[in-house]
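J.: Starting from the known structure of chain X, arrange chain E on it as the hints suggest.
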Amino acid sequence: MNPAFSVILLTTLTGAGQGLFLALFGSELAHALKLSAPMPGHDFYVLGALISLALSGAGLVASFFHLGRPERAWRSAAMWRTSWLSREVIVLPAFMATTALYALSHAMSWPITLATGAIGAALALALFVCTGMIYACLKFLQEWASPLTVINYLVLGCASGLTLASAYAALSAAELMTMMTSLAIALTVLGLATRSASLLRNARLRPRSSLQTAIGVHHPRIAQRSQGLMGGSFNTREFFHHRTLQFLRSVKWTFLLLAFVLPVLLLAAGAMTASPPLLWLAFAVQYVGLLAERWYFFAQANHPQNLYYQTIS
Amino acid sequence: MTQLALVIDLNVCVGCQACVTSCKSWNTSGTAGSLADLNPYDEDPTGTFFNRVQTFEVGSYPNTETVHFPKSCLHCEDPPCVPVCPTGASYKRAEDGIVLVDYDKCIGCKYCSWACPYGVRELDPERKEMTKCTLCVDRIYNEALPERDRKPACVLACPTSARIFGDVHDPDSVASKAIRERGGYQLMPEWGTEPSNHYLPRRKTEMTIRPDEIVRTDNPLKVDGLKPMPDASTPALDDAASW
Chain X
1 MNPAFSVILL TTLTGAGQGL FLALFGSELA HALKLSAPMP GHDFYVLGAL ISLALSGAGL
61 VASFFHLGRP ERAWRSAAMW RTSWLSREVI VLPAFMATTA LYALSHAMSW PITLATGAIG
121 AALALALFVC TGMIYACLKF LQEWASPLTV INYLVLGCAS GLTLASAYAA LSAAELMTMM
181 TSLAIALTVL GLATRSASLL RNARLRPRSS LQTAIGVHHP RIAQRSQGLM GGSFNTREFF
241 HHRTLQFLRS VKWTFLLLAF VLPVLLLAAG AMTASPPLLW LAFAVQYVGL LAERWYFFAQ
301 ANHPQNLYYQ TIS
Chain E
1 MTQLALVIDL NVCVGCQACV TSCKSWNTSG TAGSLADLNP YDEDPTGTFF NRVQTFEVGS
61 YPNTETVHFP KSCLHCEDPP CVPVCPTGAS YKRAEDGIVL VDYDKCIGCK YCSWACPYGV
121 RELDPERKEM TKCTLCVDRI YNEALPERDR KPACVLACPT SARIFGDVHD PDSVASKAIR
181 ERGGYQLMPE WGTEPSNHYL PRRKTEMTIR PDEIVRTDNP LKVDGLKPMP DASTPALDDA
241 ASW
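Protein sequence lines correspond, in order, to chains X and E.
For the first sequence, the residue numbers in full-length UniProt numbering are 1 to 313.
For the second sequence, the residue numbers in full-length UniProt numbering are 1 to 243.
Hints may be right or wrong, so weigh each one.
Now the in silico label distances, taken between C-beta atoms and shown as ranges [unchecked claim]:
hint: 1; chain 1: X; residue 1: Leu200; chain 2: E; residue 2: Asp42; range: 38 to 48 Å
hint: 2; chain 1: X; residue 1: Ala30; chain 2: E; residue 2: Glu95; range: 27 to 37 Å
hint: 3; chain 1: X; residue 1: Val288; chain 2: E; residue 2: Val14; range: 25 to 35 Å
hint: 4; chain 1: E; residue 1: Pro171; chain 2: X; residue 2: His218; range: 25 to 35 Å
hint: 5; chain 1: X; residue 1: Arg221; chain 2: E; residue 2: Asp42; range: 29 to 39 Å
hint: 6; chain 1: X; residue 1: Ala54; chain 2: E; residue 2: Glu190; range: 41 to 51 Å
hint: 7; chain 1: X; residue 1: Ile112; chain 2: E; residue 2: Glu190; range: 19 to 29 Å
hint: 8; chain 1: E; residue 1: Arg150; chain 2: X; residue 2: Ser250; range: 49 to 59 Å
In silico contact screen, one side only, chain E against chain X (beta carbon under 10 Å); selected entries [to be verified]:
hint: 9; residue: Val20
hint: 10; residue: Thr64
hint: 11; residue: Lys105
hint: 12; residue: Arg139
Computed list of chain E residues with no C-beta within reach of chain X, every gap over 10 Å [claimed, not checked]:
hint: 13; residue: Thr28
hint: 14; residue: Val137
hint: 15; residue: Ala144
hint: 16; residue: Arg148
hint: 17; residue: Ser173
hint: 18; residue: Val174
hint: 19; residue: Arg182
hint: 20; residue: Ser233
To be clear, the hints were calculated from the coordinates, so they are not data collected in a lab.
A virtual CB, placed ideally from N, CA and C, is assigned to each residue, including glycine.
With the rest of the complex left out, here is chain X (with noise of 0.2 Å):
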């Protein structure tokens, strides 16, 4: 696939506003546990929730940039009963809407924190599985019809919004730092080998279409001599990255050092020497890895219809 930008950065930054925002409502929830000690003032969750609501509300204004039409993007609730897209396009304000009643309880010392939290916390798990069944659901998308698609976008996004609670905790809050850095070393750890796993299963992929079943003949050498089209179509367009196999995989060793490796060395030091501007560092790191590991999750994918425009894949 041809990866758009639009989708990159509404992927990445929801994912990091969902994550900060399950950090959030995770020390809430941890402090009313009595499982750990440490409960900054309303400021904290308050600040915090704007944070993740800024990020969110950033990917859903770059949302829109990839509509044709997008004018008509109310129209996209419609099909929520088979489309995964559209549920989205409804769990993502409600996500915002109950992050800002989250952010106004805590302003107003409402003792509805922790409910509206939780329902937060489910909203953005939801937001996980529905951006991730977008991709997961299409079945000849081989590289993306799997489980692992749905996991990683779920421990991607939790690791950087952990990263970004972080920076904000040793800032804001440090009492809560350590607890903080060590889940979001934690986490990019988890995210590296759930990405793995994807990165080593899209490698051993073969590919059920072929040339053969695409056309229907049955015969093993059979080359492409017109696409139909002189000067290229959407489809030339819209289904290859039309960059080379090097820069492909320069793109895949850049984002695994950038979106986890260096992450968790800038965590650990970060939190060692409780530096601020380190932890900082560490999210503004993992998010351009993560830029770079949404844009080779779509370059990877191949579509089979590329099998009807030879020169192009």
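T.: Just chain E, lined up with the frame of chain X:
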């Protein structure tokens, strides 16, 4: 239940592109809106087509065969592009099985084109809406047209009758008979999309002429009276006819 579809005979398709041009001509002039045609006379011409003819060479020289392969929406029985559409713009008609896009509802998110393994949906670069073969739904029921013209434009244009239009659920239709009797097959059957459009395979053409068919005893020339002029010395019933 009716399922309208095309049956495409690869054995007689000569790749003349008449179906491509007549499809574009009809569908760009219709009420549904024009189809983009960018840089038609410059470098890198591009645009939207519902139907394209591709050419494949099968085998290795000198034993090769050229297969012209017309490709348009297959109007799947279980179309994967329909359930993924978030707005309901993409739908399959219950009455005749045609898969259509309601252009006024389409938001141009391209998700349906991702969900189609055949690559037959094209986002119009000018209208920013997903477009695809409609099986000329605005022709086949059009009472303003004479009845013999109520067929998809591509079918009417094909000079070799390589495109058969009909109801593939009706066992007595010409389309169903062609599928049944000439080994009609579906594209990428491995994904369970059950395309309604079928393709008829190429057939081996062999000359089976016996010597007695070259020198015919019942030569029609004789029957029709164009007999060779008899020799003057040949005895005849009427001697006067010999000279």
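J.: If a hint holds in the structure, say so; if it does not, say that too.
T.: Hint check results:
In this structure, X/Leu200 and E/Asp42 meet the distance hint of 38 to 48 Å, their C-beta atoms being roughly 46 Å apart. For the pair X/Ala30 and E/Glu95, the supplied restraint of 27 to 37 Å is violated, since their beta-carbon distance comes to about 58 Å. Between X/Val288 and E/Val14 the beta carbons are some 54 Å apart, a value that contradicts the proposed interval 25 to 35 Å. Our hint of 25 to 35 Å for E/Pro171 and X/His218 holds, since their Cβ atoms are close to 27 Å apart.
Here the CB-CB span from X/Arg221 to E/Asp42 is close to 36 Å, well matched to the stated 29 to 39 Å. Checked against the hint of 41 to 51 Å, the pair X/Ala54 and E/Glu190 passes, with Cβ atoms roughly 45 Å apart. Our hint of 19 to 29 Å for X/Ile112 and E/Glu190 is violated, since their Cβ atoms are close to 52 Å apart. For E/Arg150 paired with X/Ser250, a C-beta distance near 57 Å keeps the hint of 49 to 59 Å intact.
Because the closest C-beta pair between E/Val20 and chain X is about 7 Å apart, less than 10 Å, the hint holds. With its C-beta approaching chain X no nearer than about 9 Å, E/Thr64 sits inside the 10 Å limit, and its interface hint holds. Interface restraint check for E/Lys105: the shortest CB-CB distance to chain X comes to about 6 Å, inside 10 Å, so the restraint holds. The interface hint given for E/Arg139 is broken, as the beta carbon of that residue sits about 22 Å from the closest beta carbon of chain X, more than 10 Å.
At the 10 Å boundary, the C-beta of E/Thr28 stays outside the reach of chain X, the nearest C-beta of that chain being 15 Å off. The beta carbon of E/Val137 sits about 21 Å from the closest Cβ of chain X, which is more than 10 Å, so the claim that it is off the interface holds. In this structure E/Ala144 is separated from chain X by more than 10 Å, as the shortest Cβ-Cβ distance comes to about 31 Å. Against the 10 Å criterion, E/Arg148 stays outside the reach of chain X, whose nearest CB is about 28 Å from its own CB.
Every CB of chain X lies more than 10 Å from the CB of E/Ser173, the least distance being 21 Å, so the non-interface label holds. At roughly 21 Å, the least C-beta separation between E/Val174 and chain X is larger than 10 Å, which holds for a residue marked as non-interface. With a minimum CB-CB distance of about 13 Å to chain X, E/Arg182 clears the 10 Å threshold, and the non-interface call stands. Non-interface call for E/Ser233 relative to chain X: holds, since the shortest CB-CB distance, roughly 63 Å, exceeds 10 Å.
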